[in-house]
Structures are given as C-alpha cells and as structure tokens.
Amino acid sequence: MAECHPVGFQWVMEAKARGAKLIHVDPRYTRTSAVSDAHVPLRAGTDIAFLGGIINYVLENDKYFRDYVVDYTNAPVILNEDFRGPEDLDGVFSGLDPEQRSYDHRTWQYEGMTVQAASGLRDMAYDDIVGEADESGHGEAAGSGGPPIGVGDPERDPTLQHPRCVFQVLKRHFSRYTPEMVERICGVPRELFLRICETIAQNSGRDRTTAFAYAVGWTQHTVGVQYIRTASILQSLLGNIGRPGGGILALRGHASIQGSTDIPTLYNLLPGYIPMPHAHPEQDLESFVRGESARKGFWGDMSAYMVSLMKSYWGDAATADNDYCFDYLPRLTGTHNTYDTAMAQINGECKGYFLMGENPAVGSANAKIQRLGMANLDWLVVRDFSQIESATWWKDGPEIESGEMRTEDIGTEVFFLPAATHTEKDGSFTNTQRMLQWHYRAVEPAGDARSDLWFTYHLGRIIREKLAGSADEMDRPVLDLTWDYPTMGEMREPDAEAVLAEINGFDADGNPLSSYTQLKDDGSTSCGCWIYCGCYADGVNQTARRKPGKDQNWVAPEWGWAWPLNRRVLYNRASADKDGKPWSDRKALVWWDAEQGVWTGHDVPDFIADRPPDHRPPRDATGPDAIAGDDPFIMQADGKAWLFVPSGLTDGPLPAHYESQESPFPNPLYRQQRNPVRYLLPPHPDNRYAPSGEAPGADIYPFVATTYRLTEHHTAGGMSRWQPYLAELQPEFFCEVSPELAAERGLEHGGWATIISARNAVEARVLVTERMPSLNVEGKVVHQIGLPYHWGPNGYSTGDAANELLHLALDPNSHIQETKAWSVDIRPGRRPRGPATVALVQEYRRRAGITDGTGTEI
Amino acid sequence: MEVTRGVDMGVRQWIESWPVYRQFTEGDPLGRGAAAKSAGSERLRARVSTADKVVKSICPYCAVGCGQDVFVKDGKVTHIEGDPDSPVSRGRLCPKGSATLQLTTGSAREYQVLYRRPHGTDWEALDLDTAMDMIADRVIEARRRGWQWETDDGLRVRRTMGFASLGGATLDNEENYLIKKLFTALGAVQIENQARI
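Respectively, the protein sequence lines represent chains U and V.
With the UniProt record's numbering applied, the first sequence corresponds to residues 1 to 858, in that order.
With the UniProt record's numbering applied, the second sequence corresponds to residues 1 to 197, in that order.
By construction, these hints were calculated from the structure, which means they are not laboratory data.
Since we're looking at a predicted model, the values are computed, not measured.
Cβ coordinates follow ideal geometry from the N, Cα and C atoms, glycine included.
Misleading hints may appear alongside valid ones.
[As the list claims (entries may be wrong)] Subject to a maximum C-alpha distance of 25 Å in a straight line, what follows is the list of computed BS3-like cross-link-like pairs (lysine-lysine):
1. Lys37/V to Lys547/U
2. Lys550/U to Lys16/U
3. Lys56/V to Lys547/U
4. Lys53/V to Lys550/U
5. Lys578/U to Lys63/U
6. Lys56/V to Lys76/V
7. Lys581/U to Lys63/U
8. Lys76/V to Lys53/V
9. Lys550/U to Lys56/V
[Said to hold, decoys possible] If we take Cβ atoms under 7 Å as the criterion, some of the chain U residues that face chain V in the derived model are:
10. Thr333
11. Gly348
12. Glu349
13. Cys350
14. Gly352
15. Val381
16. Leu417
17. Ser428
18. Asn431
19. Ile463
20. Ala496
21. Ala556
22. Leu840
Input sequences plus hints: build the corresponding full structure.
As structure tokens, this is what we get:
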C-alpha cells in the first residue's frame, strides 16, 4: 500500500501512531513492510491456505464474535443434505461435471429453498427459479410477488450445533488448515503465523476492529474470487464488516476503475450491477427480472431499477407495451471477456476494435496473443495521449523484430486519435471507496485532442445520421436511443453534467430524483444507474462538493458523494447490535434512536431509515419490505453475511486451497491439484501451460514468478513511461531475485537476466536483494522472482513487458487472469535477438515435453 | 570615524543578515522560516501566484482519488499540486500525481490524428472529421457482418460479434456511461475494461 497507494497509506500511518498494529503479508519486502509490525513473506498463490489457517484458528479457539455471527451471518442456516465438500470428495464440491468442467450448484442451496445471489453469476440460478415458478403455475404472475421460492426464512439453529448448519460445515472444511499445514504450503513459520492469528483475534470484537486491505493482486489468480471470499469469511466471523475500522478494502489502481465497474464498460453487467441478460428461451423482461433477482432485500426491487434504465436508454420508445425495449438488449451466450475477444480476433470473428485508454499490447496477460489478435483485425481505433505500444505494434512490435510478422503483410487499418486529459474535460471519477469526485475542465484540449465523451457522442451522432430512415429492425435500438445531449463551444463538447443528470435519473415531471427508493417499474421514472441515484439530487452536482476536510467531522460527508445515498461504510447497520445499540461506544457508527424512531449516527445509515430493530416482516413480504430489523445485509437474499455461498459462485460455496495453474508443488491438502473449473482459453501454440508439481518437465521452469507495481509508474506505463521525472526515477525494467537464487544461477547485481516461461522470454536488469526472500516449502527451498509489469518498448523508460511471460488461465467467476503466480526459469545474460528468442522458448517447451494438453487436466 | 563607523555598520549588517545568527535571534531556532530567507529569495514569486485561476481537480492515476489544484495562466495549465482541502489526501500527491503537469502538458502528447492504411509502413496525416466519418462507416460495416439474430440452437441474441471495445477505468463515469449505452444499442457485447485485468 505504501508503494502503490502512498497517499492513502498516510491514514494507515495515522492509525499506527495511535497504536494500531500493522501486518504486511507479501512475498516481497516493500516500503509497507519497512514500517509494519510484522512482515510475512509467503509463497505466491497460497493466500487461501494462509487465511484459511486463520479461520481455523478462530473457530478452534472460539475467537469468533458470537453475537455478530449468530445474528448477522448465515452460520446458523441448515444446508441441503446432499451437499458434499472437499473433505468428502478429496478436493472438489458436490455437483462437479468433469466433462463440462462446471458445477451444478443445486446441492449448495439452503435446506428447502433456492436463494439468489446479490452478485456474481446470478444466471446460474435462472433456470431453477424461472423453471420452478413456471411448474408451480405462477410463471405469469408478474407483479403479484413472484414465485413461492424462498418464502419465509431459512431453517436456522442459533446454537450452531446442528451438523448440517453452516457453522459446523465451515469448521469441518477448515479443520485441516492447521499452523503446520500453513507452514508446509505457504512457507510461513508456524510461530510467526500464530503470532499473526493472535494479533488479529485480539484486535477484533466489541471494542476493536481489524481491517484487511488488498491491492487487486488478490484477484489475479485462478482462485481469485475465493481469495476475497476467504477474507470475507474471516472478517464476518470476527465481526469486522459494516463497522468503523473494519472491512475488506480493495485498493484499486485506476482513477475510475470503480466507476467503470459501477457504470460498467464490462460485458456481463448493466449499470448498477444488473446482469446483462443471457440468452434463454422465450425470455421477457418479467422472466429476466424474476430469474436474476432476489425475493427479499433491495434486489427485490430490480424491476424498478431495470425499467428506469431502459427509460434512460430508450426514452419514449420504451413502453409497457413493448416490454420497455427489453428485446433491444443484446444477449450473452457464455463468456465474452477481453481474452475471449482476443481469441475471436485471432479466429477472424471480431473485425473491429476500440482501445480507449488501455494498452493491451503490453498491459494484458500474454501480450503476444493480444498483438496477434490486433494483427488480424480490419480496423483498430486507439485513443490515448501518446503513441503507446497498442498503436505502433504493426511497425515496431516484438513480432516484427523476431520476424514472425512483416509490417507489409498486416492488413489492420489503424486510427490513432489523441485523447484529452482530465484537466481538459469535466467529469467524475469514482475512487476505490465508492466516492464520486468531480473534476473541472481547466483548459480546452489543443489540436485534434478530444474527450472520450466527445468521441462517443459524435460517433453515435454520425452513425445515427448515416442509419436515419433505415427500416431494418437491426437498427431500431440505435435509432430509438436517447442521444440528444447539449453541447458547448466550437468543439461541440457534450455537457458532462447533463450526462451525470441522466445517470442520476428523473421523475415523471423531469425533476432530478434523490434516491433509488423513488424508482418505479411503471415507466414513470428514468435512471441511468440506480446505485448512483442521488448524485444529482435537487439538481445539484453532489459529486462536486468540496467542503474542506478540516471543517467537517471525521466521516467528511460533504466532500464528493459516495454511492449509495452518500453512505460511506456499506452495511453499517452491522455496527450496532441486534437491538440497534453500538457494539461499544468506542466503535459507534450508526444506531437506532428509539425516541425519534429513526436510524442515525455519524454516517448515513445503510438501512431503511425508520425500520425498528425488532421489526419482523410478515411471511409473505417481498423486497425491502421483507427485511427484518436485524438484517444488516440489505442486498442479500436473506439479509445476512454469507459465510457459505449457496448461489452465485461458479467454483464452490467455500474457498479451498488449490495450487496455481503453474506451480512447482503438488497440492498438499487435496488430490485435486488446481481449481477444477478454472477457465482455460482454447488451445493456442502461444498459450501453452507448463507442467506442475511432480509431473515430468516441471523442473524446467522451477521458479515462481509474480508481478507488481512500483511507486513511480502506473499500470502498463501508458501514463508514466512518457513522463521525464518518472522515467528518471525508474528508468528500465528489472527483476528482483534473492542472493541465494543469484548464486544458484550466476546472476549479477546490475547485470542482465533472461526469464523464460512456456509462452515467451524477456530480459531484465537484475536486482539482487534480500527483499525477495527464498522460502522453505514442503521441505525444499523455493525461489521467487519479482517482475514489475510497467514496461514496453515505447516511451522514455523502456524494457520488455512482464506480461509476455504470462498464460491465459482465468478465475472462473471474474475471468481475471493469473498474473500473481506462475512458473519460469531464469539465466544470466540478455535474451537472444530475432528468431532466436522464439527458438529459445521452443527449446524450453521441447525439454519440458509440453503439448497442447499440458496443464489442462481438470 | 565615519569610515570606521561605516565598516562597523557593514560588519554588523553582515552578521545580522547571516541566517545562523537570525535563526537564534528571530525566534526561528530550526531555521525553517523567516531565517532561511535572503534578499534574493524574498523577491522570488511562486509561479502559482500569477495564475489567472485555480481549477479543482482529481488525480488521474490510481483510485485513491487525491485532490488536485490546477493553476491556469493565459489559457495554459502552468502548475498542478495537491489540494489541501481534500479529506482524502490533505494536499499530498505521490510521485505520479506530482508528475501530472508532465502528463497533461508534456512534449510526448500527440495532438494530431494519425492514420495507418492497411499494409502501410508508416503513419499518415488525417483530418479529424474525416477520421470520425471513416470510423462510423467501419462500425456500421463490422456490425452488420458480425450480426447474429439467433444462436445455432435458435436462442434469440440480437447482437453483433463484429466489433469490440476495451478501456474505461481511466475515463470519467459519464464517458463510460455513453460508451456502454451506444455500443449496447449497436448490439455489441464485447465491451471490456481494465477491471477484468
């Protein structure tokens, strides 16, 4: 955090100055470790074992926060009797279909009911919910409360003794994650591990809270979502969610990466985490909403969010008679993530490509696959500040140098359009804590530079002009689109505040809405992103509020605007006990004011304002009405934090330690080596996997590599390698290796090394340092190699891209690639030039006996 | 006498203007305030002091969201520094945020549309309006060629697989909103950004 989010880290140091203990878990010693109470280096790719070990410690030693766990989590819920876990099935969960490489999640459900997830792959449960409803004859009962699934509360045992209750299942599941096992898997000595366990447990409870902060490296594994899940289970057991000083904080790395997830430029989502519809037979708006929403909680109002979105997109054209243009939405069939798209470019299906502020030619895993895809396009549009690698690969990319491609043979037509900077446009960024902050245009962009707002608006305008008058049904969605934004000045820059107002939404009279609770599913309201509703309340740009921090309380509610409804801590109802009283004075955040009959506190309560703690909803209540006074997790189908996930995850209801796609070790916990349902791309000669564990050839790539960022550069370098100050501070690509590895391989500090994976080879300067310690794992020494991933051949600060080395094996939930742990070899000296690099990589693959099936075993 | 007094005055003035002396006699024992100033430095003016306006902004790098003050003179950005009012950052910027002036005004920025024709070996110049018109034509064409009403097993999908888009995490919310809205209406599903990586 001190390296990658240094200014945010000042608050960690403030906490430390007030007595907080700081623990840094990272394979590498960094500026964070330097000021921590403990640095815990571990083998990359083993965090589930580490966190699972802490969970086991908490359960075995009764260190969990019992009242919180019983009242606010699904620990007491009884599970389906057909559920089997990795302890029963040697590493997999019930429902695995090895042929399809997927799980049938039905045995993971609660006893006697089907609940829907608040996030993740909700379409998993679609057929069950819609199908069962149809069978029960209620299929067409739109508006009458939906199907009789999940009526009432799940069966619970508040004593936590029932053998099939979540708590007991959890206990059994993690029972073998002992300190000894943690030491074997992670390379963390058990004394150090136990000291960490004790520190965390002592610092949690009524009076104290512990926070977890992760840079998004946690997500970059074939079990990435389950990493976060493991932390969620631990934090829920300790009562550290929804409370001040608690939580799990994703330290994200782009100015509006949160915003671009909330208002997604992502294939699987619509604004506000409404799923993009998957193709289903005879699907209409009603069946879509029924299949994807929960009966209870705020997802129960999904039809209002969805219809209001359709009204924002299609305005007057969206009517009750035409299902609010629901048919205009394109449908998904399986996955369409960025790596699938690269493959679709290689196989000729996808012919045109827009890159807007992203540099996949060096910034995406297996960068060569990205370039091969772009070389097979009809056209490519690159919008950026400088000539990034994704704009110039056709004349100076690595394949031109190696002779694998010739510029004259590449048919891709490339348009480079210079982009405006944040100082040249109005707009809002959403930071990593869900806070929207407005930035104002200081000057007009020069020359041809334009904002992406300008580009998108005018591209749409021109396309609509060209298609005007078309009678083709294909063109109706784009011709019916509301696309009449006011523009300003000679450049005709669209008014960004008008777009923000559309995102916020309007009532039937065109007045700005102030809360998503005002949204209706009768077509009378519009809202471009329901969770952002209120950001333009009263016609005022709430995101532009700038009351100085020193003139406010510690929550600083009048700076910017956080979704939803300016709540700064999500699920903060959990900061008070069942009766609405803070768990302790020290940790008070919101509480029930019985006299006034409202929730109040330092933060905006994330709860129904006037719902008393003792409220019990009627059995047939739905949506927000079904939330009991002690259900803090208001988006969840049962109002509780999920220790066990009955729906929404593709790879199991509980986290289990699996080895990375490529690992030097067999899995010590289960016979199952890897996540059985990890997402592998179709076989491609440039995306081969190395053998793992004891398989022959694994010793050809004996070291664990991991990537990370440096303070002085940003992501793949598009915004930092062209800045002279930053280029001078970090002038070239390097690798970090331990003195032991340097001695073993003859690497010289300051010299060159070549690093080879089953995909490619790169060269880097060598930094020999004890900051990258070698670890003892399973009785042998494992060396890890650190590779900052900021580089490429263009700009002032240059070097090979670490992403050349990476494979495409993805987390099955998020389709994020495994860039944090894979297998390589390292040798002294620069990499060969020309065709010899390709020959070197092939020679390694031949020695390791790699085929198109290697590493693809389930 | 006059001469002596003059020398005397000169020495005293010289000693009294000596920073170490002033440090101890002017209530600035650490020498970080007035004592550190010379007649020369007294005359210096920060370039921000002559700015025409200060525009409130947010750092464009990571997702912490530090506040920035953007100083403008004669229609040009002359300086960018941390906004002390921000409860997020309290005026601080990291090395990247501190290099924002180079990001926004540096010589590496491109200001002209560049065009590489199929099989071409170098960039060519192209007018922005022409480029926009050509891109619109290509979107319409790729969209039609990649159009699917149904899957092979008859499920209605109403989409195009002909073009894709990548990027958004460095852009504004409003920009992401328009990108998703337009491309979805055109039937594209392969819309992605950095959140996936």
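Now for the hints, and whether the structure bears them out:
1. Lys37/V to Lys547/U: violated (34 Å)
2. Lys550/U to Lys16/U: Holds, at about 21 Å.
3. Lys56/V to Lys547/U: Status holds; Cα separation ~12 Å.
4. Lys53/V to Lys550/U: holds (23 Å)
5. Lys578/U to Lys63/U: Distance of about 20 Å is within 25 Å: holds.
6. Lys56/V to Lys76/V: holds (15 Å)
7. Lys581/U to Lys63/U: Holds, at roughly 22 Å.
8. Lys76/V to Lys53/V: Holds: Lys76/V and Lys53/V sit about 10 Å apart, inside 25 Å.
9. Lys550/U to Lys56/V: holds (17 Å)
10. Thr333: holds (6 Å)
11. Gly348: Hint violated; Gly348/U Cβ to chain V Cβ min 10 Å, cut 7 Å.
12. Glu349: Cβ of Glu349/U sits 5 Å from chain V, so the hint holds.
13. Cys350: holds (5 Å)
14. Gly352: holds (3 Å)
15. Val381: Val381/U check passes; min Cβ-Cβ to chain V is 6 Å, inside 7 Å.
16. Leu417: holds (6 Å)
17. Ser428: For Ser428/U, the interface hint holds, since the closest Cβ of chain V sits about 5 Å away, which is under 7 Å.
18. Asn431: holds (3 Å)
19. Ile463: With a minimum Cβ separation of about 5 Å from chain V (threshold 7 Å), the hint on Ile463/U holds.
20. Ala496: Since the shortest Cβ distance to chain V is 5 Å, the answer is holds.
21. Ala556: holds (4 Å)
22. Leu840: With a closest approach of 27 Å, the Leu840/U hint is violated.
When each numbered hint is compared with the structure, violations occur for hints 1, 11, 22.
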